[in-house]
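J.: Chains as they are written, first to last, in the working numbering: chain F, 205 to 882; chain D, 13 to 354.
Read the hints as simulated data drawn from the structure, not as lab findings. In this text, all values refer to a predicted model and were calculated from it rather than measured experimentally. Heads up, some of the hints might be wrong.
Stated by the list, open to error - Lysine-lysine pairs mimicking DSS-like chemistry, simulated, CA-CA at most 27 Å apart:
#: 1; chain 1: D; residue 1: K289; chain 2: F; residue 2: K394
#: 2; chain 1: D; residue 1: K241; chain 2: D; residue 2: K209
#: 3; chain 1: D; residue 1: K289; chain 2: D; residue 2: K321
#: 4; chain 1: D; residue 1: K321; chain 2: D; residue 2: K294
#: 5; chain 1: D; residue 1: K49; chain 2: D; residue 2: K209
#: 6; chain 1: D; residue 1: K351; chain 2: D; residue 2: K241
#: 7; chain 1: D; residue 1: K209; chain 2: F; residue 2: K394
#: 8; chain 1: D; residue 1: K294; chain 2: D; residue 2: K332
#: 9; chain 1: D; residue 1: K209; chain 2: D; residue 2: K289
#: 10; chain 1: D; residue 1: K294; chain 2: F; residue 2: K394
#: 11; chain 1: D; residue 1: K289; chain 2: D; residue 2: K332
#: 12; chain 1: F; residue 1: K394; chain 2: D; residue 2: K351
Unchecked claim - Restraint-style ranges between C-beta atoms, simulated for each label pair:
#: 13; chain 1: F; residue 1: L294; chain 2: D; residue 2: G152; range: 42 to 52 Å
#: 14; chain 1: D; residue 1: P248; chain 2: F; residue 2: G556; range: 48 to 58 Å
#: 15; chain 1: F; residue 1: N868; chain 2: D; residue 2: K84; range: 31 to 41 Å
#: 16; chain 1: D; residue 1: F326; chain 2: F; residue 2: P340; range: 55 to 65 Å
#: 17; chain 1: D; residue 1: I109; chain 2: F; residue 2: L516; range: 27 to 37 Å
#: 18; chain 1: F; residue 1: D298; chain 2: D; residue 2: V323; range: 25 to 35 Å
#: 19; chain 1: D; residue 1: L74; chain 2: F; residue 2: L553; range: 57 to 67 Å
#: 20; chain 1: F; residue 1: L516; chain 2: D; residue 2: L102; range: 23 to 33 Å
#: 21; chain 1: F; residue 1: P237; chain 2: D; residue 2: V323; range: 23 to 33 Å
#: 22; chain 1: F; residue 1: G234; chain 2: D; residue 2: F326; range: 22 to 32 Å
#: 23; chain 1: F; residue 1: V232; chain 2: D; residue 2: F326; range: 29 to 39 Å
#: 24; chain 1: D; residue 1: L74; chain 2: F; residue 2: L638; range: 36 to 46 Å
#: 25; chain 1: D; residue 1: T287; chain 2: F; residue 2: G556; range: 28 to 38 Å
Cβ coordinates follow ideal geometry from the N, Cα and C atoms, glycine included.
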Amino acid sequence: MPTWLRIVLGFLIGAVLGAAVFVGVRAVGGLPPLADDLRPLYAMAVFSGLVGLMLGIDRQLGLPRGLVGMATGFVVGILATVGIRSLMGLTPWDTESVWVVASFVAPIGFLLGVGALSDWLRWIVGIHTPDQHGPPPGKPGWFRYFGFDQNHKVIGIQYTVTGILLMGIAGTLAMIFRTELLAPGMQFLKPDTFNTFISMHGIVMIASILLGVGGMANYLVPLMLGANDMAFPRLNGFAFWITVPSAILIIMAIFFGGWDTGWTGYAPLSVRTFMGVNFFMIGMFFFGFSSILGSANLIVTTLKMRAPGMTLFRMPIFVWAVLATSFIQLTATQFIGLSFLMVVLERNLGMGFFNTALGGDPLLFQHLFWFYSHPAVYIFILPGLGIVSELLPVFSRKPLFGYRWIALSSMAIALLGFMVWAHHMFTAGIPNALRLPFMYTTMLVAVPTGVKFFSWLGTVWRGKLFFPTPMLFVLASIAVFLIGGLTGPPLATVPTDLHLHDSYFVVGHFHATMFGGFVFPFFAALYYWFPKITGRMYNERLGQIHFALQTTGFYIMSLTMARTGLLGMRRRIADYDPAMNIQNLHIIMTLAGFAIFIGVLIGVYNLVVSARRGEVAVMNPWGSRSPEWQIPSPVPEHNYEEPFEVVGNPYDYGLPGTAYVRMNGHEKTTAPAALPAH
Amino acid sequence: MRHAINVTVIILVSIFALLFIADNVQWMPVQASAEAKLIDWLFNLHIDIIVVLYVLVNGILLYSVFVFRRKKDDPSEGVYFHGNTRLEILWTVIPLIVVVYFAVLGAGVLRQTLEAADDELEVVVTARQWAWTFEYPEWGIASTELNLPVDRRVHLVLHSEDVTHSFWVPEFRLKQDTVPGQEHHLRLTPTRVGTYKVRCAELCGTSHAYMEAPVNVMTAEDFEIWRQKRLGIYVPPEGEEAPAEDPVALGQRLATSAGCIACHSLDGSALVGPTWKGIFGKTETMADGSTVVVDEAYLHESIVNPSAKLVAGFQDLMPKNYGDILTEAEINALIEYIKTIR
Chain F
205 MPTWLRIVLG FLIGAVLGAA VFVGVRAVGG LPPLADDLRP LYAMAVFSGL
255 VGLMLGIDRQ LGLPRGLVGM ATGFVVGILA TVGIRSLMGL TPWDTESVWV
305 VASFVAPIGF LLGVGALSDW LRWIVGIHTP DQHGPPPGKP GWFRYFGFDQ
355 NHKVIGIQYT VTGILLMGIA GTLAMIFRTE LLAPGMQFLK PDTFNTFISM
405 HGIVMIASIL LGVGGMANYL VPLMLGANDM AFPRLNGFAF WITVPSAILI
455 IMAIFFGGWD TGWTGYAPLS VRTFMGVNFF MIGMFFFGFS SILGSANLIV
505 TTLKMRAPGM TLFRMPIFVW AVLATSFIQL TATQFIGLSF LMVVLERNLG
555 MGFFNTALGG DPLLFQHLFW FYSHPAVYIF ILPGLGIVSE LLPVFSRKPL
605 FGYRWIALSS MAIALLGFMV WAHHMFTAGI PNALRLPFMY TTMLVAVPTG
655 VKFFSWLGTV WRGKLFFPTP MLFVLASIAV FLIGGLTGPP LATVPTDLHL
705 HDSYFVVGHF HATMFGGFVF PFFAALYYWF PKITGRMYNE RLGQIHFALQ
755 TTGFYIMSLT MARTGLLGMR RRIADYDPAM NIQNLHIIMT LAGFAIFIGV
805 LIGVYNLVVS ARRGEVAVMN PWGSRSPEWQ IPSPVPEHNY EEPFEVVGNP
855 YDYGLPGTAY VRMNGHEKTT APAALPAH
Chain D
13 MRHAINVTVI ILVSIFALLF IADNVQWMPV QASAEAKLID WLFNLHIDII
63 VVLYVLVNGI LLYSVFVFRR KKDDPSEGVY FHGNTRLEIL WTVIPLIVVV
113 YFAVLGAGVL RQTLEAADDE LEVVVTARQW AWTFEYPEWG IASTELNLPV
163 DRRVHLVLHS EDVTHSFWVP EFRLKQDTVP GQEHHLRLTP TRVGTYKVRC
213 AELCGTSHAY MEAPVNVMTA EDFEIWRQKR LGIYVPPEGE EAPAEDPVAL
263 GQRLATSAGC IACHSLDGSA LVGPTWKGIF GKTETMADGS TVVVDEAYLH
313 ESIVNPSAKL VAGFQDLMPK NYGDILTEAE INALIEYIKT IR
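Looking at chain D on its own, in the form it has when it is part of the complex (with noise of 0.2 Å):
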């Protein structure tokens, strides 16, 4: 009885501790959705329950180490008893109706996550090896990086071109894989202005790791200024000339949004496609025999129609549609990029 005392009052002041520390420790990065919010209060939930059970073991199980050792030269045995019927079915029923009201608790946040309204916004996401696009078919936009307006919902409707990606934004706490061949769904809605990033959470094979873009929730005002440029229908306050934005910073951003670098080294290392690295300038050997002087012109021709030469040695693997995702003024822009790199 003393023992069963002794233990109980550790116990119980332990989990106090803990309780107070686990709930002070800022276990995930910020909250930029609604669903977040939701997904954080369970996973609290279940972080006072891992913290009251993780007490309860090992501090019945430290204090049998050190109380219930046997002494040196001591020839006695144990105290006997090999079970008790009543404890057996009490830590069965009650972990049985933690669970199941967990389990329960998870269906109700699932089904909140889960729920469609009636003005969002819809973006077709599309992942391939090793990038990914957003359309916006409601203006027929697209674009490298997934813009989104600050509290709207939104609905994304993902697809993949090749193998399986996954779609996870942590701020967002959600994730859903792509699947060749399939349609798959995602709902939110950003309550926080910043910028992040998906990142692919599938291995979907050499360049997975660099399979990143930009995720920027904006205020309602620039999401709707962003639109506009887009669609080349802008035009700025007057007295208020929009800054021009320097086009080798913007190549530099596109290089990572649009996926290039997943298969274009910037280091000189051969990876799927040919390195950029002192590209410009260079004579390079097409798979025809042929060769070329890279300048501007040939750039601009192997982004917007990269089959139409291909350097000796690579495979015509690179995606068609640049094209169609990126402006003028973005490919000019990674073209200026292109030739910073020596």
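Only chain F is shown next, with the shape it has when bound in the complex (with noise of 0.2 Å):
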């Protein structure tokens, strides 16, 4: 049978039985099989037809037989509980129950499916299974990316790629709520439709995030330590597989009526929202295990892993962020996870772990929710900062200003993390003896921020600067989290905040935060890593649009937003007073986002275009010292052929005859007339 005829086939098949599993389901629940509403029909269609239609191009790949598999946990969830509520004599169907339980199901179908669980089941009965090596016989080279996949480049890829389509689509959530902002009063969306797209839109941008730091992790760190792979391949492969059911069901959310509590899910709203924020709730349970699984991973790599040579002090920069991220990610996230399986609990069993009727207290629900969730931000922005760090001195011809210093620091935030969580409840009705030594430590994370950006101005300073594109990105990194930074100060202090909590300039803060810590950054390193990847460079002038686009958009964006906070725009809300005055700074938000989302619409237009016909990058093209770049690229699949040994410091640029590692026999100094001009 021909491909396309397969194809064809596959597509049609999955279609009708995509449709008859929805009628079929509505069956079993006493529901008559056709709604009014026949879009969730045809979603489903096209969906299982797209299924179909990947199991059509070839059966064996993973991502199809993962979603198939989800599917089944999905059906089998449903006709457990419907089984189990006729047994104990309620009615057979109650749609929320059902679709719980079949949520918790799903994700297991999904890992059953796509093959993450087959190499531990297996030994389990004590069949022994070997470590996979390159793509499995007989597949052309793109198929391990679309199924369970032990080496660490690839989960890499498969992170960043997932994470950068999760941007899309709360990307364009925002554009599309940005363009209701307008004017006020409500011009297309309804109140409910508007207040789901901003939860979705910031829950799925963390998800996205997420991804993007595991993506920049997972390939980068066994490479820059010398390792082969990472200390656990299998359950590498696990915590990036598991996140795909996870997105998969936060975005089922929008056919479950949404819901309205913002991506923080504060109890009592969320126990009285609609039902959609089970799913929500649950697929951020879910993702919370890759987070833990494959920061442990991570961990070990890094304290075990490491070249002949290199002591801590010597390793690259960067991985010391992903280390003091990796600390954070292990030991916090099972709180955002609890605290969103109680909301569960409280919401579908009645146990009233919020509810003061019931001796419980809404305001356990923020402690828990923001011990996880502040630290969450670092877990965001140190490998960002990480990346400015690693980039700099490689851009500036200069050593890393204060090496010791910045990694402390790295270390010194991660720890600090952890006893400011409470700053986000000082308008909450928290006691005075808890605001004041919350004011204090959320102060103090001034102090190592502070550290880091000196230290990059101490880089700089009297280096031989160029300013290739990902160089462009670290310097607006830097001008963009500085906005980040400064705005934090007036939100620690208890009297400022009574006046600023919840308002646009939180939103602007926190946007500087994030694009200047992690968007930006990881731009910097997509274009920096990119011929290393791919073995061919980027449109340097597509990057420089890229570039302009995104800083000057975001540069008026986020000082907008902060302007409006100032003036009384509350964050979240569908609509605003007319009388305010706001509507021109809401004019200039909507354009400056717009410019944004093109500029990174060309940035991947770009990296996309140029993975297939850029030029053949040479193989050291930013002279860097890195171990990573004395490699032919693309990367081969077992990373060095043979161990190479650390001889030096990482960032002695401008110190003749010296070098970072010696391998197979050579030292790599880098000879910085073979720098291309730029």
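Could you fit the two chains together into a complex? Lean on the hints.
T.: Now the structure itself:
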């Protein structure tokens, strides 16, 4: 059978099966087979058609198998709940209970389908499975990216691409509700839709950032350490693949009424809102496994698998940042999973954790939630700041100023990050005995953050700077993160926070930290290691356009957000009072937002097209001393033919005759003359 | 050394220029409370530090970008130095002192905003999806607008009936969440006569954006007149007849302040409750299948006892206490207003 026919047949069979399952589930629930609104049926048919299409291309592909597994998980969960409910003498169908149970089963179905559990299940029954090397026999090179794979570089790319996809979804939502805000009054969204969109924008962006962090860490850390892979390759694959059903669950919320609590999901509102909130919370619960297991893997890899001679203070600075981030992820993620699980239990089983009338406390949710979600902010930004510290010496041709101070400042931020959570609750009704200490600890975060800024300035001072696209993004990271950092202290000081809390000032502050601490460094990293990953160069001109649009757009947007907040604009409102005279500011923010969106689209276009048609890259285009640039691009399956030895400091640019690594008997000194002119 | 002098001069000049601009920017809305003055003072101090650090970092960064560029075909590397412990200690210790100093200032201002007074006016604020109610226990009166006498210490006691809301009047610069099942407190002294709005600052569901109510700061005399009117004991001075307020205009104001329009749309779209557009004179079908022609009596009943007759397709969610919060005249004004929405 020709491939095209298999694809077409796959789509048709998938669509019909999907529609049949949809109608069947409704019939089991005692509902009429077809609802008045046929859109969910169409969505289901198209989605399952696409799964069929992928299976038509290759029946062994992991992703569609996982999706079939997930659908099976839903059906099994639904049938089990209906069965148990009838045995208990309850009405068999209760939409919320049925879907909640099914949502816990579905991710397991996905993992079974995609093959993330296969090796472990075989081990349980005593079957030995070899480590996987390279793509499965007889399959093309792209095949492994769509299924369970153990290679850290494949997993790194899977993380990164999934992260960019989610960023696209969340960014599109932002463009929709920013357009709505162009004028006072509701234009084309209903308040509930608006609230769902802002909630989903927040949480999908957070998922996207966690994936981006995972992508950078997985691809780079083993390469920088001189390891051939991560310590636990199967666990690594598992940690990635569990994010996919989690993300699908979160997005599914939109088909179940959405939810209107924002990404914070504060109880008791989350206990009372639409049932879509279950999907968001269960999705994040499963997503947390990825953070916990992935970070455990990274910590072990960093501590146990460094090249000979690589003491902790000779590690590339990015590895320090990832180590600090991993410690937070490993120890804090449980709290968000716990708090969300408690909301799901309170909603569905009436356990009154957050209900005063039942002996609970609404503020308990906020404590648990922020105990993760504040340190989470440092999970997002520390790797990005690590990228800035990593790239700045290369493009300044100078040592990183104060290497130890920067390394330890990451650790200090990670530690302090655990002691500041209640600053999100200064207006929530906590006693002053909590407000004051948390004001002091929060202000202290400024100190290690300042160390980073000043050390970056020491790094560029009297260097020989050159400005290809990654350097432009690094400089923009610093400029943008500076806005985020400087708008922090007014929020950390209790009296000023009484005005600023929950205003657009916070929105501006938060977006500046996220863009300066993650988005800009993430793109810097993408452009910088693009030749290493693909063996080709990106288009410099498009990179500059991306930089110009994103930087000016963001600068204008975040400052305008802060300004609007001072004037009294609340965050998360679907409509604003025309009497406040802030429509012009909203128009500016929306236009600036679109500039960012278009800039990112151009950036993604650049990377996608250049991966296939870009100029072939030289081995070490930036004149870096780092080991990954001393081997061919794209990196061979097992990274280093022979383990290298660390013989110097990572960033001693400008000290002639020194090298960081010795590989195959050669000290890899960088010859500055070999640098391309930029 | 030459570079150090250059950049220092550039930074100092820019700092003074920017500080001059920053000090002349109206960052905040008008100051309408004593607390606003304190908080703005602290905020402006923050702005000054922000300006200094912003110029310092960007100044050095931009100077380096423009001056320390690699010339084309220049094969040399940057000047080799990899740290300076004295500098590192300096830029750890100085920021440490500054932030601790700010925290101390913050604690001081916070203490001042919390001070209680003997003659303070107590107002019980109740938040619910999606409206505010204000009760004055001293006289047993309630209102959907927060009326306050100027220059008198106010003690707000905040409650919530359903989910967490947040009391925020930007002109007062103060914010306090209202938490269901808990009681929280906020103190303030209004200092400027005028009309402001309390805006719910904590996302609280569908109509969160519309959860706003007027805040009227009045002279002590006006407040006394309002209080007496509210109690029904007001006697206008001789020769001065109180001008009767247009009921439709009053009703329109109440529709916002009492939270009606958070659930009842004026444009025909169905929100939590039936739309008001064209409702008067219409025949509505009730949940029990009966039909009712919407007239004054029906509207009155629906306001004071909303559970009595429920329109088909809607849930019994409307608060049951409007009969206590609104006066008879206000209810009638609302009805007059509803009649005008065609």
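J.: Indicate, hint by hint, whether the structure satisfies it.
T.: Hints, verified against the model:
Proposed proximity of K289 (chain D) and K394 (chain F) is supported: the alpha carbons are some 18 Å apart, at most 27 Å. At most 27 Å may separate the alpha-carbon atoms for a hinted pair to count; K241 (chain D) and K209 (chain D) meet this at roughly 22 Å. A C-alpha spacing of about 19 Å is found between K289 (chain D) and K321 (chain D), which places the hinted pair at or below 27 Å, so the restraint holds. Among the hinted pairs, K321 (chain D) with K294 (chain D) is consistent with the structure: their alpha-carbon atoms are about 15 Å apart, no more than 27 Å.
The suggested pairing of K49 (chain D) with K209 (chain D) holds, with an alpha-carbon distance near 18 Å, which does not exceed 27 Å. At roughly 26 Å between alpha-carbon atoms, K351 (chain D) and K241 (chain D) fall within 27 Å of each other, so this suggested pair holds. Using a Cα cut-off of 27 Å, the hinted pair K209 (chain D) and K394 (chain F) holds, with the two alpha carbons roughly 24 Å apart. Restraint check for K294 (chain D) and K332 (chain D): satisfied, since their Cα atoms lie roughly 23 Å apart, inside the 27 Å limit.
Taken as a hint, the K209 (chain D) and K289 (chain D) pair is honoured in the structure, with Cα atoms around 26 Å apart against an allowance of 27 Å. The hinted pair formed by K294 (chain D) and K394 (chain F) meets the criterion: a straight-line CA distance of about 25 Å does not exceed 27 Å. Between K289 (chain D) and K332 (chain D) the alpha-carbon distance is near 23 Å, which keeps this suggested pair within the 27 Å criterion. Between K394 (chain F) and K351 (chain D) the CA atoms are separated by roughly 25 Å; this keeps the pair inside 27 Å, and the hint holds.
The given range of 42 to 52 Å is respected by L294 (chain F) and G152 (chain D), whose C-beta atoms sit roughly 47 Å from each other. For the pair P248 (chain D) and G556 (chain F), the beta carbons lie near 53 Å from each other, so the given range of 48 to 58 Å is met. Taking the beta carbon of each, N868 (chain F) and K84 (chain D) are about 33 Å apart, inside 31 to 41 Å as hinted. In this structure the supplied range 55 to 65 Å holds for F326 (chain D) paired with P340 (chain F), their Cβ-Cβ distance being about 58 Å.
Checked against the given bound of 27 to 37 Å, the beta carbons of I109 (chain D) and L516 (chain F), roughly 30 Å apart, stay inside it. At about 26 Å, the beta-carbon gap between D298 (chain F) and V323 (chain D) stays in the expected band of 25 to 35 Å. Hint check: L74 (chain D) to L553 (chain F), Cβ distance near 59 Å, so the stated range 57 to 67 Å holds. Between L516 (chain F) and L102 (chain D) the beta carbons are some 26 Å apart, a value that agrees with the proposed interval 23 to 33 Å.
With their beta carbons about 30 Å apart, P237 (chain F) and V323 (chain D) fall inside the hinted range of 23 to 33 Å. Take G234 (chain F) and F326 (chain D): their Cβ atoms lie about 25 Å apart, and the range 22 to 32 Å holds. Between V232 (chain F) and F326 (chain D) the CB atoms are about 30 Å apart, so this pair conforms to the stated range of 29 to 39 Å. Evaluation of the 36 to 46 Å hint for L74 (chain D) and L638 (chain F) yields a pass: the beta carbon distance comes to about 41 Å.
Judged by the Cβ atoms, the range 28 to 38 Å given for T287 (chain D) and G556 (chain F) holds: they are separated by roughly 36 Å.
The structure agrees with every numbered hint stated previously.
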